[in-house]
Amino acid sequence: QKEVEQDPGPLSVPEGAIVSLNCTYSNSAFQYFMWYRQYSRKGPELLMYTYSSGNKEDGRFTAQVDKSSKYISLFIRDSQPSDSATYLCAMSAGANSKLTFGKGITLSVRP
Amino acid sequence: NAGVMQNPRHLVRRRGQEARLRCSPMKGHSHVYWYRQLPEEGLKFMVYLQKENIIDESGMPKERFSAEFPKEGPSILRIQQVVRGDSAAYFCASSPVGIRETGGGGYTFGSGTRLTVV
Chain A
1 QKEVEQDPGP LSVPEGAIVS LNCTYSNSAF QYFMWYRQYS RKGPELLMYT
51 YSSGNKEDGR FTAQVDKSSK YISLFIRDSQ PSDSATYLCA MSAGANSKLT
101 FGKGITLSVR P
Chain B
1 NAGVMQNPRH LVRRRGQEAR LRCSPMKGHS HVYWYRQLPE EGLKFMVYLQ
51 KENIIDESGM PKERFSAEFP KEGPSILRIQ QVVRGDSAAY FCASSPVGIR
101 ETGGGGYTFG SGTRLTVV
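In the order they appear, the protein sequences are chains A and B.
So in our numbering, spot 45 of the first sequence is number 45, and the numbers just go up one at a time.
So in our numbering, spot 25 of the second sequence is number 25, and the numbers just go up one at a time.
Chain B on its own, in the form it takes in the complex (with noise of 0.2 Å):
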């Protein structure tokens, strides 16, 4: 059991470029959550997803954050024109099933992306 799967570790970018965060999920998990960690402070929720579909974004940006989670392949945080408030460590959760069910007992956390803004 591989655990959720993040990659990659480490990722640097120039101001303006376009960030790519990916995430597989566990073996048998189908839903998808993004956290990000700034410096000094907690876990932020940003996106809920199931295979093709978003449940709920409440917590992303409105501008130049997006997220999907496809039929096939890992799920992917995509960021455009990054600026430098957006260095801090991204991290994906995956469960079996919805939040509803587990009240987040079921979440089980990916070792992060730490992103740097040049």
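If we strip away everything but chain A, and leave its shape as in the complex, we get (with noise of 0.2 Å):
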């Protein structure tokens, strides 16, 4: 079992859908959750960073974590057609230095 599991997508929505994305993960010892935005031929950018469980709001953005469930997800509302890139759950101990990343899900949404 890989340590996060990410839905692979591609996922295709119309113009101002709720988005929702998720990670699952197996190793106990994460605290720290992040999702990463990517771009093509782009390095990621940090979208939302969360420590433990409960969720964090900005903007068109919300992000929860259920570490009963080991479970993360990202809501995006009001979707842009600015908003397709790859988007990347990472999450870390907090007391080592890796990141370990989903595979990533590809969002396209159509004007």
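Be a bit skeptical, because a hint or two may be false.
[To be verified] In silico contact screen, one side only, chain B against chain A (beta carbon under 8 Å); selected entries:
#1 L43
#2 F65
#3 F91
#4 P96
No lab work stands behind these hints, which were simulated from the structure alone.
Since the structure is predicted, the reported quantities are computational estimates derived from the model, not experimental observations.
By construction, the Cβ of each residue, glycine as well, lies at the ideal position given by its N, Cα and C atoms.
Now that you have both chains on their own, put them together as the hints suggest.
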């Protein structure tokens, strides 16, 4: 079983839709949870950063962490064509240097 | 603020040659991390360095790969005797403090070097 599993996609939605992206993990030591956005031929850009369980909201983006279920989600409200990118979940135990990433899901928002 | 600078952006090497990838961290950042992204795969951790020290190299292949971050100059990821399987995008990230303090939130990634081995 991989440490981090992410829905494979790709995902195509119409503009204005609510998008739900999910990851599950197996390592109970993970304490820090992140979502990165990666445009084609670019480096990952940090979108959301959450410590432990709970919700965090930033504009149209909401990150949820459920440590009891080892499940994290990213919700995008009122999706825009500019949101079209690959989204990567990542997590770390906080006591070492590694970020463990999911494979990423490619999102396309149709105008 | 120039961000994390990686060069070259694209590198083509023949099998058996050496590849050198360079990373200049953001100004004020003294911690550097290298990740590799294979086609259809997520980012995989390779190595974490501070100036003149390798902190964690648990993700580095045992042979042919090495990394350094000298007191002066950029961090270098070196791949000797490249093989086709080394073809990938290599990303560098930097942070102002170590991951122990930031848990990953302080990372800034560069745009990567795309290595193609022919």
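How the hints compare with the structure:
1. Interface hint at L43 (chain B): satisfied, since its Cβ lies 4 Å from the closest Cβ of chain A, which is below the 8 Å cut-off.
2. At its closest, the beta carbon of F65 (chain B) sits 16 Å from a beta carbon of chain A; the interface hint therefore is violated under the 8 Å criterion.
3. The criterion of a C-beta within 8 Å of any C-beta in chain A is met by F91 (chain B), whose closest approach is roughly 6 Å, and the hint holds.
4. Taking 8 Å as the C-beta cut-off, the interface hint given for P96 (chain B) is violated, the closest approach to chain A being about 14 Å.
In summary, the structure is inconsistent with hints 2 and 4 from the numbered list given earlier, while agreeing with the others.
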